[in-house]
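J.: Residue numbers (the working numbering), protein chains in the order written: chain A, 1 to 578; chain B, 1 to 578.
By construction, these hints were calculated from the structure, which means they are not laboratory data.
None of the values given here were measured: they were computed from a predicted structure.
Do not rely on the hints blindly, as some may be mistaken.
As the list makes no split between identical chains, a pair holds if one copy fits it or if it spans any two.
[Said to hold, decoys possible] For lysine-lysine, the following PhoX-like pairs were computed, each having C-alpha atoms within a straight-line distance of at most 20 Å:
(1) K153 x K287
(2) K555 x K12
(3) K144 x K12
(4) K389 x K377
(5) K557 x K112
Number of protein chains: 2
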Amino acid sequence: MSKRILRVNMTKLEAKFEDLPADFVALGGRALTSTIVAKEVDPLCHPLGANNKLVFAPGLVTGTKAPTSGRLSVGGKSPLTGGIKEANVGTNFAQKLGRMRIAAVVVEGMHKGDDYYLLKIKNDGTEFMKANKWSNKGLYDTYKELYKEFGNKVGICGVGIAAEISGAASGVCFNDPEGLPSRYAGRGGLGAVMASKGLKFIIVDETGAPGVEILNEEAFNMGVKKLWNALTTHDVTKPGGALNSFGTSVLVNIINEAGGLPQRNFSSGQDDRSEKVSGEVKADEIKKRGGVRPHFCSPGCVIQCSEVWTKPGGKDPMGVLEYESLWALGPNCGIYNLDDIGELNRACNDLGLDTIEAGGMMGVAMEGGLAEFGDGKKALKLIEEIKNKTPTGRILANGTAFTAQALGVTRVPVVKGQSLPAYDPRAIKGIGVTYATTPQGADHTAGYAIATEIMGVGGTADPKDPKKAELSRNLQVATAAIDATGYCLFIAFAILDIPEGLEGVVDTLNGVLGTSLTVDDVPGYGMQIINTEREFNKAAGFTDKHDRLPEFFLKEKLAPHNEVFNVTDEELDKVWGA
Amino acid sequence: MSKRILRVNMTKLEAKFEDLPADFVALGGRALTSTIVAKEVDPLCHPLGANNKLVFAPGLVTGTKAPTSGRLSVGGKSPLTGGIKEANVGTNFAQKLGRMRIAAVVVEGMHKGDDYYLLKIKNDGTEFMKANKWSNKGLYDTYKELYKEFGNKVGICGVGIAAEISGAASGVCFNDPEGLPSRYAGRGGLGAVMASKGLKFIIVDETGAPGVEILNEEAFNMGVKKLWNALTTHDVTKPGGALNSFGTSVLVNIINEAGGLPQRNFSSGQDDRSEKVSGEVKADEIKKRGGVRPHFCSPGCVIQCSEVWTKPGGKDPMGVLEYESLWALGPNCGIYNLDDIGELNRACNDLGLDTIEAGGMMGVAMEGGLAEFGDGKKALKLIEEIKNKTPTGRILANGTAFTAQALGVTRVPVVKGQSLPAYDPRAIKGIGVTYATTPQGADHTAGYAIATEIMGVGGTADPKDPKKAELSRNLQVATAAIDATGYCLFIAFAILDIPEGLEGVVDTLNGVLGTSLTVDDVPGYGMQIINTEREFNKAAGFTDKHDRLPEFFLKEKLAPHNEVFNVTDEELDKVWGA
């Protein structure tokens, strides 16, 4: 059995397997979602109309034993940015698709009428079922019911109430290893795209799957070993290392110390209270409560940065509380209480909201007077407005820029309509260059300059040096390539510093594909993805003028460094040579 | 006294007269607002931030005895489109500025804090007063109070509650001859720009004004005569002609007959019930009720297309009920009852809403389920949500595209974020070319192809012929020039057909300016304005991809002609030779 595409027509409620075209064989993950979206979606279509498509693609090595490779890309035209979108998630759902040799699921058309559907994908066929009984409900309860109905071994993808009301802040939800709805391809409103088509859930049952085809076992095994060695050696990724011990939230103290942890809708870069919600404090608390830490988001991960956060006493396991979520719903809202933040994160997961967009939204909502900064209880009530589909809920579900416009707030931390993540670009310039210039809208993962600027990975760079075009470009290009492989971006910490690790990645690709790529092929591969995305965006109306940060970052100084974002337009345009 | 600019700094609460720069002397109205905005406003600034400016400029002949020349341009960066905006209004406020030799009022900066201010402009000075007591109130009552306080002879510009809540659908209001708040520079959300600066009202007292300087009386008088002759001869503009007898609403039956009167959020182009709200029926009704018809919007108008609409029994005079307003709040909402439409129009005037944007918004709100099509009472309740500043009100006050996003409606009749006026581009292609390509966002007045396609003015053209780039361009260029003069666009009906009329316009300009322009200079003058605006928009991130109609006009056939908008992208790009 060769690799295949599952084409799902929601207008006709038909799903058909097609052979993966020969020129797509070397494409996986983001390379495949962006290629299909660029080829098949009119850049000027309405993102919530019948002519948008939603594409799911596991990475090239996803489903193999390659370490830390359980990633899935979800792509489409974004209702949040109006441009192309790839949102990335770690989940065994991805690995199941990989082992079924499904290179992509392409959801197209639109069901007319109010019914929601569930699509069950088995190795040898598909089935549509009405899903109305699971609409208008929280995802925690719903996932429990779905696992009861479909068995514990399936993977589940779903969208929540935020998507049902077309919220541009809605993400696409995936199960974590415990079956909780805590893993998200969160960004860019792709949840609303899925819901707009009448598709509420995808259940993947891999029974009988042949596994990922590996054309050169020797190369593959060699690659696995090299990469495993790198991951288990590097300080950031090794067992007992920073990520393994404290999770992504290890960054709270680090970025706060650097003066770049945005507080209260990006009005300061530092607050002593941030320490109360640090990764270190959280890890202690998880231990006390009886949560789980470390933990993996998908089997086969060496890094294991994940965790299971719970209410006090180990009750109501929620899944992971990541750094970005914790920051967005915490310090960015002036909230320095892990339980408040945890409940906000749980509410976002339950409703199908991107936590970064939700936290950005809450920050402007607080600036706009809907709640006081720091009032976690009121923030939770506001999130519940989405659950109740109130007019306020409809505003909030559309994210940061939308909420700002509704409330007349002019300090709006978005690029291309998407909310900024957890690093203030005035304190750390390179990440600002990435925010501004990635085709994805403000996105730290698109070119994680923090690695070099703050963590000294892949070299060092002064965070305050505004010459960061080259650093950001190199990282963006490498990231796009990694996003195609199915490896977690966090392998970058190791492979940027340990050349054998990068070789190992390429070896595993050669193993799967039967190719003879070298590490020198990586930048070209990544650049091709970026070019595809930029071409789509250009056809959707984007120009270099959209590769800019919002005005207030250029005018308003950030404490404690009292700097503005002083990267010139020329430097920004140098990223892609515009 | 030479012409001057009044520069109003709202940060410092200072207003200073400056001499009009020599290179601005030949610029008036839209030529001057667009030039100042392009020169002084960062195209990437937040439209509701301190760095946007709001510019008021009467036309070059405004304030003279030239017929039908009481027009004012209001310009700035639009919070609705994100591009440059010129909104145009007929009001004696314009004439007063002209006679005071104030070529432009430039409002800049932003008052910090919650206070609203009133700026009184006298011939020899200015005064700021707190205006908080008139905030959060309807404009009908407020204008009454303002006239009581400042006397009956002043002109009043103001913004309403819709602007106070930053609504992108808010316009800038001006007094009509009776002092009612019925004349609007409505489009593009400039009301919110004014309110964002803390400026609530401008009162103009022209006592002691020197009058418009006329450098060549002979040329001027000759021009006035030629133009007067043309206006009083042409069937559309003459006394007892179409506009004079029935007002702009004469178009209801004509456009409905042509199959281009959008019904129920642009889902049909014709409905027999439209006749019930026609200009003919309305004129009869006004006569019965004891309203006024014909009537002028500003003194010196020969055409006199305006009116005073009232409640039954002649009560509560409202001001004019224009064709666009009547259509937007009527057939576009499935409402075919003049009293319902009148009350909706009154509510829009009272709150400071652009009636076209409000009607477009109501159409998508009805499609989104907030009310049934045709339910005028519910529509009025929805408008009242704005008055009450509820979350629903904050959605609606932001216009058509915003409301559509909040409700998940994907049939969104906007270009560059601005709601389409009262002609369906699938039935009448040339006006669609104007909607798509004008720098202003969907705007019929920017290049009124209806004149030629439907009314046979300036030649004839088959409405269904999709080759309309040249027609639209010529009209857009001529319109930009007219918008600089201060003449009402409606003189175009006469001067497109009667060459002496156009000569008369140029003669009056030569009279005022002491120049020796010819009719051949008009296109170049107009093109310069368009180029200035397009350059601003380009710097704000606009491309040819924004010169397109929304997807559904290209996919969904319109009854009764069952046509889509079939003008090619190539034809659209031919307008400006992109």
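J.: So, against the hints stated earlier in the document, which numbers end up violated here?
T.: 1, 3
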